[in-house]
Amino acid sequence: MTDKSGAIINYCCVYAATGIYNPSPDLNSVLLHDENVSIRLLGLKGYIELVDRVLCPQNKENSDKLHEKTKEKNSIRRNTFILQAHNHAVIHVESYLPLEVVSSYYEENSEIQAYVKAPLKYNAENAFKTVSAAMTFARGNLLSKNYDFIHEQYYVTNNESSIMKFLNPVEVFEGGTMSEISMDEITVAKGLSSIFHHDKELKDLISIYSESLTPDKSGHLHAFIAAWTALEIFVAKQFKELQSSITISINGATTHKEFSSRMLIVMNDKYRLADKFAALSNLYDRTNSDADIAELKRIKGIRDKFFHKMEGEVKNLPLEQTRQLVSKYFLLYLETKQEGFVFQRATKQTS
1 MTDKSGAIIN YCCVYAATGI YNPSPDLNSV LLHDENVSIR LLGLKGYIEL VDRVLCPQNK
61 ENSDKLHEKT KEKNSIRRNT FILQAHNHAV IHVESYLPLE VVSSYYEENS EIQAYVKAPL
121 KYNAENAFKT VSAAMTFARG NLLSKNYDFI HEQYYVTNNE SSIMKFLNPV EVFEGGTMSE
181 ISMDEITVAK GLSSIFHHDK ELKDLISIYS ESLTPDKSGH LHAFIAAWTA LEIFVAKQFK
241 ELQSSITISI NGATTHKEFS SRMLIVMNDK YRLADKFAAL SNLYDRTNSD ADIAELKRIK
301 GIRDKFFHKM EGEVKNLPLE QTRQLVSKYF LLYLETKQEG FVFQRATKQT S
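For the sequence shown, position 330 matches number 330 in the UniProt record's numbering, and the numbering has no gaps at all.
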């Protein structure tokens with residue numbers, strides 16, 4: 001999108017996908033493309049090009065005029081960016097708006113720049129939430145779900161996409177298990193990204209869950225709260241849809257409809273989270289239902305002691321186990337709603 005001047009204000013942010021190890025250097029897949037935002041999954045070659053163009057631009061024309069210490073500093077900065085990917089795939093989020101649109105956010109005497117007030121970062125973060133969740137759900141349950149924030153940058157481009165100016169560069173943030181990624185997983189992630197991005201009902205849940213995927217950025221406590229909240233919302237919503245199909249039986253025989261209806265009305269607002277989860281787990285995975293119910297109760301016990309009795313430490317809140325429960329049952333739910341998706345199945349690790 002451009003205005004009459006051809007100038008575009010851009011915001012980009014970059015994350016290392018810690019669950020994706022040793023991607024093809026030539027990996028460059030568009031996971032989401034919308035009117036004002038685009039997200040790519042990059043291997044080393046594409047990431048280095050991004051570093052040299054946006055994160056740490058190399059001005060080759062004037063390099064001979066630079067002092068040796070300046071050259072060394074630039075080289076160290078460039079290498080730091082590259083090393084932060086550390087053999088992982090990189091998610092590159094790009095948000096853009098015409099200068100004319102961004103200028104409308106200008107306020108005289110305001111200390112906040114118009115490009116910061118404009119929804120550039122907001123659009124990018126929402127799109128990232130969609131794609132990071134889609135990527136997580138498209139892959140194995142035991143793989144790392146963390147996305148380590150590397151850098152963010154505002155800059156101006158012309159109608160030929162050449163960078164004209166950088167705007168207030170942001171400081172670099174220094175910064176589980178992993179595996180190589182397959183093209184099938186990329187295809188699934190791309191499909192899910194589109195669904196999550198356009199489905200309002202799913203998008204709200206995904207927005208909350210994805211906050212649990214960046215603990216290095218938001219903190220372990222915030223990430224755990226996000227994962228637990230997503231779990232509670234998902235279970236409550238799914239159970240509400242199941243309630244109409246619940247029946248009561250005595251010694252294996254279905255009770256009279258009047259008795260059954262009355263009992264269900266009485267119990268309507270008395271179901272605990274564990275009760276609702278038990279119904280869902282029995283429906284989606286009866287074989288492992290008992291183990292998953294026990295895991296939910298264990299996590300809830302740790303959570304309740306921490307928040308209600310101030311017992312335990314933040315670092316010991318079971319973030320990964322909570323994310324695994326959300327991921328497992330959300331995938332099982334998706335498989336009943338979306339045809340054509342094949343999710344990588346996590347295998348039990350041998351002791």
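Just so you know, these hints were derived from the structure itself, not from any lab.
Do not rely on the hints blindly, as some may be mistaken.
[Stated by the list, open to error] With a cut-off of at most 20 Å between alpha-carbon atoms, the simulated DMTMM-like pairs for lysine to aspartate or glutamate come out as follows:
| id | residue 1 | residue 2 |
| --- | --- | --- |
| 1 | Lys117 | Glu107 |
| 2 | Lys237 | Asp285 |
| 3 | Lys203 | Asp52 |
| 4 | Lys237 | Glu185 |
| 5 | Lys203 | Glu160 |
| 6 | Lys165 | Glu180 |
| 7 | Lys276 | Glu313 |
| 8 | Lys190 | Glu35 |
[Claimed, not checked] What follows is a set of in silico ranges between Cβ atoms, one per label pair, in the way DEER data are often shown:
| id | residue 1 | residue 2 | range |
| --- | --- | --- | --- |
| 9 | Leu332 | Ser24 | 25 to 35 Å |
| 10 | Pro119 | Thr287 | 43 to 53 Å |
| 11 | Lys297 | Ile82 | 42 to 52 Å |
| 12 | Lys217 | Lys45 | 22 to 32 Å |
| 13 | Leu221 | Arg53 | 43 to 53 Å |
| 14 | Leu332 | Gly6 | 43 to 53 Å |
| 15 | Asp275 | Arg53 | 51 to 61 Å |
| 16 | Gly6 | Lys297 | 54 to 64 Å |
| 17 | Ala114 | Asn159 | 19 to 29 Å |
| 18 | Asp52 | Ala274 | 29 to 39 Å |
| 19 | Glu311 | Lys45 | 20 to 30 Å |
| 20 | Pro57 | Asp275 | 49 to 59 Å |
| 21 | Ile82 | Lys305 | 41 to 51 Å |
Computed from a prediction, not measured in an experiment: that's the story for all the values here.
Think of the CB as a built atom: it goes at the ideal place given N, C-alpha and C, for glycine as much as any other residue.
Each hint, compared with the structure:
1. Taking the CA atoms of lysine 117 and glutamate 107, the gap is near 10 Å; set against the 20 Å cutoff, the hint holds.
2. For the hint pairing lysine 237 with aspartate 285, the CA-to-CA distance comes to about 18 Å; that is within 20 Å, so the pair holds.
3. Proximity of lysine 203 to aspartate 52 is assessed by CA-CA distance (about 34 Å); at most 20 Å being required, the pair is judged violated.
4. For the proposed pair lysine 237 and glutamate 185, the alpha carbon gap of about 27 Å is over 20 Å, so the pair is violated.
5. A C-alpha spacing of about 33 Å is found between lysine 203 and glutamate 160, which places the hinted pair above 20 Å, so the restraint is violated.
6. For the proposed pair lysine 165 and glutamate 180, the alpha carbon gap of about 36 Å is over 20 Å, so the pair is violated.
7. A hinted pair counts as satisfied when its Cα atoms are at most 20 Å apart, and lysine 276 with glutamate 313 does not qualify at roughly 28 Å.
8. Between lysine 190 and glutamate 35 the alpha-carbon distance is near 16 Å, which keeps this suggested pair within the 20 Å criterion.
9. Between leucine 332 and serine 24 the beta carbons are some 30 Å apart, a value that agrees with the proposed interval 25 to 35 Å.
10. Against the hinted window of 43 to 53 Å, the Cβ-Cβ separation of proline 119 and threonine 287 comes to about 46 Å, which satisfies the hint.
11. The given range of 42 to 52 Å is respected by lysine 297 and isoleucine 82, whose C-beta atoms sit roughly 45 Å from each other.
12. At roughly 26 Å, the beta-carbon separation of lysine 217 and lysine 45 lies within the given 22 to 32 Å, and the hint holds.
13. At about 36 Å, the beta-carbon gap between leucine 221 and arginine 53 misses the expected band of 43 to 53 Å.
14. For leucine 332 and glycine 6, the Cβ-Cβ distance of about 49 Å falls inside the hinted range of 43 to 53 Å, so the restraint holds.
15. Between aspartate 275 and arginine 53 the C-beta distance comes to about 54 Å, which sits within the given range of 51 to 61 Å.
16. A hinted range of 54 to 64 Å holds for the C-beta pair glycine 6 and lysine 297, which are about 60 Å apart.
17. For the pair alanine 114 and asparagine 159, the supplied restraint of 19 to 29 Å holds, since their beta-carbon distance comes to about 20 Å.
18. Judged by the Cβ atoms, the range 29 to 39 Å given for aspartate 52 and alanine 274 is violated: they are separated by roughly 53 Å.
19. Between glutamate 311 and lysine 45 the Cβ separation comes to about 49 Å, which falls outside the hinted range of 20 to 30 Å.
20. Restraint check, proline 57 to aspartate 275: a C-beta distance of roughly 57 Å satisfies the suggested window 49 to 59 Å.
21. The given range of 41 to 51 Å is respected by isoleucine 82 and lysine 305, whose C-beta atoms sit roughly 43 Å from each other.
Checked against the numbered hints given earlier, this structure breaks hints 3, 4, 5, 6, 7, 13, 18, 19; the rest are met.
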